[in-house]
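Student: Here are the chains, one letter per residue:
2 protein chains.
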Amino acid sequence: MALIVQKFGGTSVGNPQKIKAVAERVLSYSRQGHQMVVVLSAMSGETNRFVDLAHQMQVLPDPREMDVLLSSGEQVTVSLFAMAVKEAGFDAISMLGDQVKIVTDNMHTRARIKHIDSDGIKKELDAGKIVVVAGFQGVTESGDITTLGRGGSDTTAVALAAALKADQCEIFTDVEGVYTTDPNMCATAKKIDKITYDEMLELASLGAKVLDIRSVSFAKRYNVPLHVRSTFTDTEGTWVVEEDKSMESNPVSGVTYNKNEARITISKVPDTPGMATKIFNPISEQGIVVDMIIQNTRDGELTDMTFTVPRTDYTKTMSIMEKVAKEIGAEGVTGSKNIVKVSIVGVGMRNHTGIASTMFKVLSDEGINILMISTSEIKVSCVIDEKYTELAVRALHSAFGLDQEKA
Amino acid sequence: MALIVQKFGGTSVGNPQKIKAVAERVLSYSRQGHQMVVVLSAMSGETNRFVDLAHQMQVLPDPREMDVLLSSGEQVTVSLFAMAVKEAGFDAISMLGDQVKIVTDNMHTRARIKHIDSDGIKKELDAGKIVVVAGFQGVTESGDITTLGRGGSDTTAVALAAALKADQCEIFTDVEGVYTTDPNMCATAKKIDKITYDEMLELASLGAKVLDIRSVSFAKRYNVPLHVRSTFTDTEGTWVVEEDKSMESNPVSGVTYNKNEARITISKVPDTPGMATKIFNPISEQGIVVDMIIQNTRDGELTDMTFTVPRTDYTKTMSIMEKVAKEIGAEGVTGSKNIVKVSIVGVGMRNHTGIASTMFKVLSDEGINILMISTSEIKVSCVIDEKYTELAVRALHSAFGLDQEKA
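Residue numbers (my numbering), protein chains in the order written: chain A, 1 to 407; chain B, 1 to 407.
Bound conformation, chain A alone (with noise of 0.2 Å):
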């Protein structure tokens, strides 16, 4: 007998008829004894809209009413599920995210996990009951309804297996598993059995959707077996888990790609100190985010800026750098949407050299001109014109290995 967290998303509950072959799943997990606690997000539509209706009201909403607001939408998934299991003969009961007491900051709307009670759910387990809880909300320490962003209903699903100590965490979505690239890209792509942590945190923040960032840490934080599967058909998907001998054959685990990225160039830096505060806390200050940058040094005593920012913060950076420029009596500011971080990503390649190498080659045998490179133990990134985004990772994806049958 095991203690099993499952999440499943809005899609996966979107109707009645839905929520009644999910109470179905579930149970067939009860029969054979294992102690089920269900996370639900809210039925798909219902959040955008709840957001639509905000917007009637306020420009700006309100975000601890929009928490109010948005967090009413799992309250109804997670009371007609309770209801499908008990018609089925067994007991269940609801849990709200301030009943459970899943304690956060009072970041709304973003809120973090501070801490979780998990007697009370231990209770209802122990009871015999199917406990059902509302995903993606929190209460502040003063009894606040909060959310958790973007992701929020696997995070409470990773969190409260964390707390509960559960066996194992299952995500249930609508792909089948992780895989080595996107299969709407490459026909090659094959499902991924088993990845670590790290990799999955590098294939999440490098633009692979299936997973939330903020989930994964925290599988690894509190080493949760998560394995993200399909809500669909019954068969195994990829097991997120800590490290271990046998995943380390592979140098490269899979190829990812993120096409909300945009490139800045501001020519003709003086290269004196303090430059690249003078340049990149304006930006900061807008809450945009840089991800890498690169410094060429030009001739003498001035130098080249060169950055990426999300594509949706182009314009805006642009008009901050244009500013910039001239303050600091740099020569100019150029730019392009039209790039792609294209990226590969394995434990197995700390192990083996030479990986970088080849991804260039690869590159560079396709007639790919690389832009700009960042690596990190466990990953090579480089940017692209977005033209060769298809053409890059399949190229990638077959000079692994990628695309090859399993032993």
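Incorrect hints may appear among the rest.
Since copy identity is lost for identical chains, a pair holds within one copy or between any two.
Derived BS3-like pairs: lysine-lysine, alpha-carbon spacing no greater than 27 Å straight-line [what the hints assert, rightly or not]:
#, residue 1, residue 2
1, 245, 337
2, 323, 278
3, 123, 101
4, 245, 123
5, 101, 122
6, 114, 101
Hints are computed from structural coordinates only; laboratory data are not their basis.
Please arrange chain B on chain A, whose structure you already have, making use of the hints.
Tutor: Okay, now just chain B, sitting in the frame of chain A:
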């Protein structure tokens, strides 16, 4: 500066435009310096939608989960309302039943309020905020969400007004107040300016739908001045208050009727002790509420027993009675669903003689046969054939001077 509690029902907050309009109305009081507590229902239609969803899950939806589901409706309106107030430049905060701490018993879907913690609301009022409270909902001592059943938001408003020692409690509805009789039935019906709690209680229990009986009895117990008025106009409505001298000028304040009545007669019942128990126990065991009871001695040792039940329970009661009649050796059971109870109500009745006989004479002059009579200190009710409803109501309304313009 007064502390005012205002309650708006589902049709008043049925869409974003209506919510904004109600917010403007409340703000007009705030701008005069009043402290405002606003109690809201769910948007009209939402409760039916939830009930429908619940029945798709479970034949008899679990009451605890039903309350979790239903209470999400007010959560939506209070948060949107608070946003609308904030957009208008005033401060506001929403509070759910468990945030206020409206503590109830654990009778889900029809819970009773045990006590209210008013400190939280007072703190927010003193901080200059409009406090927007979710109506209809409470929380048990152990933290489960409850709902208060029919008329629940009115009850929330009155209970809050009592707990806060508010100067007044205004119930906004889709009619202009309490009328001397149903304006749809009698064109000369007049809005009543002032009515006593006791009269309102009688009117509510005798068929008037404008206020729920629970909220009126709460208002009476805590002496909360109630103002029933229209959401859509600025005219004064009806004040429901403690009795004062001025109110006894007219012996009759209103004429009301209730068509949800059915009459059953069990004839030739042996007149021995314990017969009433044998007849009425099986009915009350089925949760059926008996209203009027009349016993006529027929000849010596046999009596006829006639009583009324809600028309919706008629068929069930008839089948119970046919069984009972056999058991006790009565002759048989007859009944009719085509009856109506017409009532006159007025505290002035206590100081006037002959009110009941006037009523009987008015009905008799119109050729209406009285089937049953019931009286209390401030009301007289007559059961008559349903087809005479309009005729009886209009004749009584006129006979007691209710269609005359006030001086």
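Student: Are any of the numbered hints broken by this structure? If so, which, sorted upward?
Tutor: 1 and 4
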